[in-house]
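Undergrad: These are the residues of each chain, in order.
Number of protein chains: 2
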Amino acid sequence: MYKVLRKKRTGNIIEEVKGETVGLVKTNIIQILPEGLELESGEVLPGPIDVAYETYGTLNEDKSNVILVCHALSGSAHAAGYHRMIDEETFDGATEGWWEDIIGPGKGIDTNKFFVICSNFLGSCYGTTGPTSVNPKTGKRYGITFPTITISDMVKVQRELIRQLGIEKLLAVVGGSMGGMQALEWSIMYPEVVESAVVIAATASCSAQNIAFDAVGRNAIISDPNWENGEYLEKGKVPSKGLSIARMIGHITYLSSKSMDLKFGRKLINGKTYDIDNIEFEVESYLGYQGEKFVNRFDANSYLYITKAMDYFDLTEKYGNGDLKEVFRKTNIKFLFISFSTDWLFPPSESLEMVSAALAAGKDVSYINIESINGHDSFLIDTEIESKAIKAFLDATFQEKQNRKEKTYERRKDFEIIERIIEEGSRVLDLGCGDGELLVYLREKKKVRSVGIEIDTNEVIECLSKGLNVIHYDINKGFKDKNFLEIEDKAFDYVIVSKTIQQLKSPGLLLEEILRISKNAIVSFPNFGYYKLRLQLLLKGTMPVSSELPYSWFDTPNIHLFTYRDFVNLCKAKGIKIKQTFFISRVFNKEMCSKILPNLLAEEVITVLSYEDSSNK
Amino acid sequence: MYKVLRKKRTGNIIEEVKGETVGLVKTNIIQILPEGLELESGEVLPGPIDVAYETYGTLNEDKSNVILVCHALSGSAHAAGYHRMIDEETFDGATEGWWEDIIGPGKGIDTNKFFVICSNFLGSCYGTTGPTSVNPKTGKRYGITFPTITISDMVKVQRELIRQLGIEKLLAVVGGSMGGMQALEWSIMYPEVVESAVVIAATASCSAQNIAFDAVGRNAIISDPNWENGEYLEKGKVPSKGLSIARMIGHITYLSSKSMDLKFGRKLINGKTYDIDNIEFEVESYLGYQGEKFVNRFDANSYLYITKAMDYFDLTEKYGNGDLKEVFRKTNIKFLFISFSTDWLFPPSESLEMVSAALAAGKDVSYINIESINGHDSFLIDTEIESKAIKAFLDATFQEKQNRKEKTYERRKDFEIIERIIEEGSRVLDLGCGDGELLVYLREKKKVRSVGIEIDTNEVIECLSKGLNVIHYDINKGFKDKNFLEIEDKAFDYVIVSKTIQQLKSPGLLLEEILRISKNAIVSFPNFGYYKLRLQLLLKGTMPVSSELPYSWFDTPNIHLFTYRDFVNLCKAKGIKIKQTFFISRVFNKEMCSKILPNLLAEEVITVLSYEDSSNK
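Residue numbers (our numbering), protein chains in the order written: chain A, 100 to 716; chain B, 100 to 716.
If you're looking for bench data, these hints aren't it; they were derived computationally from the structure. A hint or two may mislead.
Identical copies go unnamed one by one, so any copy, or any two together, can satisfy a pair.
Stated by the list, open to error - Here are the simulated lysine-lysine pairs, PhoX-like style, with alpha carbons at most 20 Å apart: (1) K676 x K589; (2) K576 x K604; (3) K604 x K429; (4) K671 x K639; (5) K544 x K512; (6) K417 x K366; (7) K581 x K357; (8) K579 x K239; (9) K371 x K417; (10) K579 x K357.
Please put together the full structure from these sequences, using the hints given.
TA: Put into structure tokens, the structure is as follows:
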């Protein structure tokens, strides 16, 4: 195990980072599929196919600790470590793996636990067969005679690589951006091989805007006279202007407007020159530099093929006949989706769309949206929370397979009541699930299939580490809007809303929503009719404060206070049946509460609700 | 006056529109500035300079009804009407003015009232002198020997045009996108000529992302071998590929991702061809068509000069030495800013930045943010609310000059109390100002200088029509965040919060905020301590409902209820002095309320607050 000192750029700040690393690594090349590969287009790519790959960590005895990492558009197999030692004087990390922040000893993908594989995908130019390779049939470079490929073709090659390495199961496939698309394809094509997928900053199908940007980039390459109808290598030329323009366009889409303002703003290199064909702004010069650098490290035809594969990517159409739910019905693996708040290339709404579909298909799905300023590139840069979430998810998934020993759980009065209500094996949604203690309790006691919804990032990660399905979401946004989380009618047997309803913007609407998405609801709330609260207001003339309602009126999250009687009236008005009621009081005994004057004596109330009309069930 | 039947595209829907129009119009060309024009760069553009312009409506006797409309990047002087009659069979409106939706009889810019001028700006290729023009000194076309120009150079030419037309004053300068930038320059360069400016979908300075997109576009043009170092016209060539790529990039930034999904989605023209250099998606084909169309109607060098002028645009640096407030201190005109929710080229936050600065500079400023899906292009497409807002603002501004006769205003108990509190000529902010009745009342009675903040679009337009300054904004976002509305310390003498505080997310924080931005606050609220409310809860055990608090607990906007005593306690805790208190009761008389048991007897309370510490004043 190595330790290095290196520079890390987060937003506008370059900091020195000391960290553990897998150290020196090298890329291997293996030849597979001697008979060739039948592609999605129907064409056959002649074999053998070269695949470049790297591995980190150690394969365990039962080969149950394998994680496949998939790279993005211009990435390579070199995901972690260094190809040569880092220079401690200059901090030169030019050969650092592209996800060094995430992969390594003790990191998000922990190489002390896992055996990690990353391979360069088909069509790229970093060692795996692609347009720059020689066609074994003609002895000449492919150029644009290379067949058009898709993401699933890339995944087929990865599948074969895994087989050649003697591995039968993957604990997880993990990838960001186009890597996320590969992870998705894996989950649908080979659900019997994969246990779980971590899909980061990705989408189920490229949007019209994605295609538009890609198309302009391809247009720029093809319009460059040096492209020579794709035969530039033969003619000793490079369509550098076209490729550079394509990269510049791409680069803008990887950043956020805010991060560009912070990095460059309107800074000029040498003041205004009033020269019409001069590069004057720092951002122009930076993009120009990025374009140039890319020309030196990437192949123009590869760029055409890879962006085309991305544009073709459409899970919904390919596997779902237009319905994304159908896609997720084809798999049984566990998903973790991660998005970033300022990513406008594959925005959070597109991750939520997948979460909604996976949920509708009844799959195990978790989601976290990470606040960041670095746009789409955040998945490579803002890695702190990303790393924690991946680690919690992967470690729990691994532990689950090793026969998890449940921690001792909290014994709480309300947990016991809820346990009694819920039937074995029910499908349960906990709104505002916090650290997930109740769901862990119910998992043990009642073998429920559950998912929690929680707004707090740290609680979400806590839930992930317990192996729970958890969705990072603001309940106030509801479950109906296509741009947010959508939940289908009667998707659950029970929705639990524990002391949360009084904190929501529209408690009335939420009540209708939860009885739309669930057969039954278990709603607990503090009773504002509790006699001590009434007397406080009456006698002191101030808003009451109690152990159940501990906040001052001006900063309380409890924005819709109500009494037990108010609640009963609302349910009546909405045609909601209160099937069971439990009263909790610290002062009076439960019997007394439920028999006489519950609205006066109960501090907390737990109700079980459903619609009167059984046709709604 | 003509009436036409024409097609209109809104989002994805093409509808037939019957409407009144200025009818057949033609573009005039005038020669001005025979001595030439000294440019911002220091260079002199030789005279005379051609200016293409159109006018609509009739100049009134005192020439007080003139409105200058400024066009955007690729626009022309042809803003309204038709260059030839529209074909009622085919609805062919190819020669329709670019803002026909907004300019015409009875429309947003009402040609029944106003005399409207629109001129093609300097550097363009639609009749006004630009790179395609012949340099009078050499007898050859300028090409890239045309001097580099800025937005203020364009405005100088417009200023001279107005003078030549015998006009001394402009009621308003109105423009969207780059047209908005011209309106801004006008307001700073010639405040003595302009009464008001309507600045739509614009910014005070182009962002790094704006510059980046423009720079890539210019790069594409210059990289095209047919550009021939700018001398393509001489050589009989056109850098069509480069210009087309530049336009495609621009076009993507004018639309929103959502509008592209609605228009094109992932639709293919002829199914998947698996052809690497083929145009397959409809969005690709559409962009290609837009690029081609543009090549036929626009000059590549003009594109370079105009985008450069846009990139140079930075009011803050040019007039404010880095402080946008200083810029607005240089003018005394009235502003209306308009932004569109899905505009990501010049997003709402950039309009709010200007609103904040104008407010800090003590200027008359109004703002409306319009919900739309069409991105930056919304200002040309989603014109319904835009039109109403412009009309309300322009008509009120015009009427003001014609000596406004105040409508009779409402006489309300609370208005009279507030009138007594506020001193003549104070600077007043009304939070949640509704239709502006209170501010109209105070304008008449106390000659206050005022601004209202209101979240409802229709109320905002109502305020505009009353000639009030009004800002369309959600108070819950506060007044501190750089991305939202920022208000400086002690910017006002009085902030009025009339029965709004209990509806806010954080009443405690808001109270601090208003006493930061204002010397005094007038806060009125319903008293939850009112005896009838207390008794309702005590005896009925339900949340009270009254005329002051008319909502049910589950859908009430009153999310932070409190008693008069709670409020007094909060003020004490925060070091806020309650300078005056007025009690309103329908049952008890005022005297009784204020002397005995106000917390029991008052239904509504009006308080005047300031910080104890006078150094805060």
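Undergrad: Next step is simple, just say for each hint if it's right about the structure.
TA: Verification of the supplied hints:
no.: 1; hint: K676 x K589; in the structure: within (16 Å within a copy, 54 Å between copies)
no.: 2; hint: K576 x K604; in the structure: both (9 Å within a copy, 16 Å between copies)
no.: 3; hint: K604 x K429; in the structure: neither (37 Å within a copy, 44 Å between copies)
no.: 4; hint: K671 x K639; in the structure: between (33 Å within a copy, 17 Å between copies)
no.: 5; hint: K544 x K512; in the structure: within (15 Å within a copy, 63 Å between copies)
no.: 6; hint: K417 x K366; in the structure: between (46 Å within a copy, 14 Å between copies)
no.: 7; hint: K581 x K357; in the structure: between (27 Å within a copy, 12 Å between copies)
no.: 8; hint: K579 x K239; in the structure: neither (56 Å within a copy, 64 Å between copies)
no.: 9; hint: K371 x K417; in the structure: between (52 Å within a copy, 12 Å between copies)
no.: 10; hint: K579 x K357; in the structure: between (31 Å within a copy, 18 Å between copies)
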